[in-house]
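What follows is the residue order along each chain.
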Amino acid sequence: MTTPDTTDRDLATFMAVARAVATEEAKHMPTTPAIERDAAALVMFTREQLAEARRAELAAQPSNVVSGAVRPSILAMVRDKVLARLNQVIAAEPSLQFAHRDFETASDDDLRSALEDALVVAGLPE
Amino acid sequence: MTTKNTTQQLCRTAIEKQVTKAMYVSLTKRVMALIRYTERNKPWRDQRGPQDRINGAILKTIDGELTWDLHAAEPKSLEDHLFDAVSGDMSNELKRAQRFRHVSISRPDALELHEPKMHAFIEEASETPSEVPGLVLVDAIAKLREIAHRDRGVLMILDGYDRGAFTRREVMRVTGISRSAYDAAFKRLVRMAAPLAVEVLGALDEAI
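Chains as they are written, first to last, in my numbering: chain A, 1 to 126; chain B, 1001 to 1208.
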């Protein structure tokens, strides 16, 4: 609710009456082919604008792609420490998906890479 | 990874749910009727057309420039939100164009006093059709009050509008009118206001 001055108030009252009359008149207005065409074009326009807004928003979001580079601190870890940390991350984030879960048979490099990816995706520190 | 739902994302989802051809058919008709009613009652000519006005309103809503309050006590439908937005735009155009004094039909002396200015303005406006003529010739609302002078319910609704209350709930709150009285009076108000232009213009002819 607003408290406009006199001129604004008169105009706001006029527009409120106009909206009420227009809404009533519209109920008795026939739907012409031109109105149908305009309405269809408006639907298309709205959907295009929604899609464009979503694309712009996605483009502005930080990328989820993991670079593949393993940080030096992980490279410096021994195999047992990498395995222990990986198990901690899995326990903390059970929804994390791994392409390969048989860590015992994986190479040291693959393990370090898996830990790097898991930490990035889960957003966890070392 | 999850994405937080921002207000704009929620708004877009709500738009997507409510956008249908039927909704736009109804909205287009209401906007056409609103333009026609305003043109009949004010020396104002629409320069944009209903589709452009609706396009503008939906674009502003998607961009977040125009707020569609989905968390309001009585949230508006998308159609009502867009209709009010179009009405707001037209109101701003009328406001910007109000360069001359408001002349009431109940005061023919004032009308006479302003007549030369009015004619000059109308001539100027007709020579430059892209400009919105802003002179308010007739106080349509004063005329409506005259017509409704014995109808307490209609006068209460108009008083509510004057006090910035535009929804049924707001009018009921500020005026104390009951729901059933409001509904009945609102129908009478629409019936009285619809043919107003014809009466007002007739009265204007007599006054001049």
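Hints are not guaranteed to be accurate.
Unchecked claim - List time: in silico DSS-like cross-link candidates among lysine-lysine, alpha-carbon distance up to 30 angstroms:
| # | chain 1 | residue 1 | chain 2 | residue 2 |
| --- | --- | --- | --- | --- |
| 1 | B | Lys1095 | B | Lys1187 |
| 2 | B | Lys1060 | B | Lys1076 |
| 3 | B | Lys1076 | A | Lys27 |
| 4 | B | Lys1060 | A | Lys27 |
| 5 | B | Lys1017 | A | Lys27 |
| 6 | B | Lys1060 | B | Lys1095 |
| 7 | B | Lys1021 | A | Lys27 |
| 8 | B | Lys1187 | A | Lys27 |
| 9 | A | Lys27 | B | Lys1095 |
| 10 | B | Lys1021 | B | Lys1076 |
| 11 | B | Lys1021 | B | Lys1187 |
| 12 | B | Lys1076 | B | Lys1095 |
| 13 | B | Lys1076 | B | Lys1017 |
| 14 | B | Lys1060 | B | Lys1021 |
| 15 | B | Lys1017 | B | Lys1060 |
| 16 | B | Lys1017 | B | Lys1095 |
If you are wondering where the hints come from, they were derived from the structure by calculation, not from laboratory data. Please read all numbers here as calculations on a predicted model, not as lab measurements.
Structure-based check of all given hints:
no. : hint                    : result
1   : Lys1095(B) - Lys1187(B) : holds, 28 angstroms
2   : Lys1060(B) - Lys1076(B) : holds, 16 angstroms
3   : Lys1076(B) - Lys27(A)   : holds, 19 angstroms
4   : Lys1060(B) - Lys27(A)   : holds, 27 angstroms
5   : Lys1017(B) - Lys27(A)   : holds, 23 angstroms
6   : Lys1060(B) - Lys1095(B) : holds, 20 angstroms
7   : Lys1021(B) - Lys27(A)   : holds, 16 angstroms
8   : Lys1187(B) - Lys27(A)   : holds, 14 angstroms
9   : Lys27(A) - Lys1095(B)   : holds, 28 angstroms
10  : Lys1021(B) - Lys1076(B) : holds, 18 angstroms
11  : Lys1021(B) - Lys1187(B) : holds, 28 angstroms
12  : Lys1076(B) - Lys1095(B) : holds, 25 angstroms
13  : Lys1076(B) - Lys1017(B) : holds, 14 angstroms
14  : Lys1060(B) - Lys1021(B) : holds, 20 angstroms
15  : Lys1017(B) - Lys1060(B) : holds, 18 angstroms
16  : Lys1017(B) - Lys1095(B) : violated, 34 angstroms
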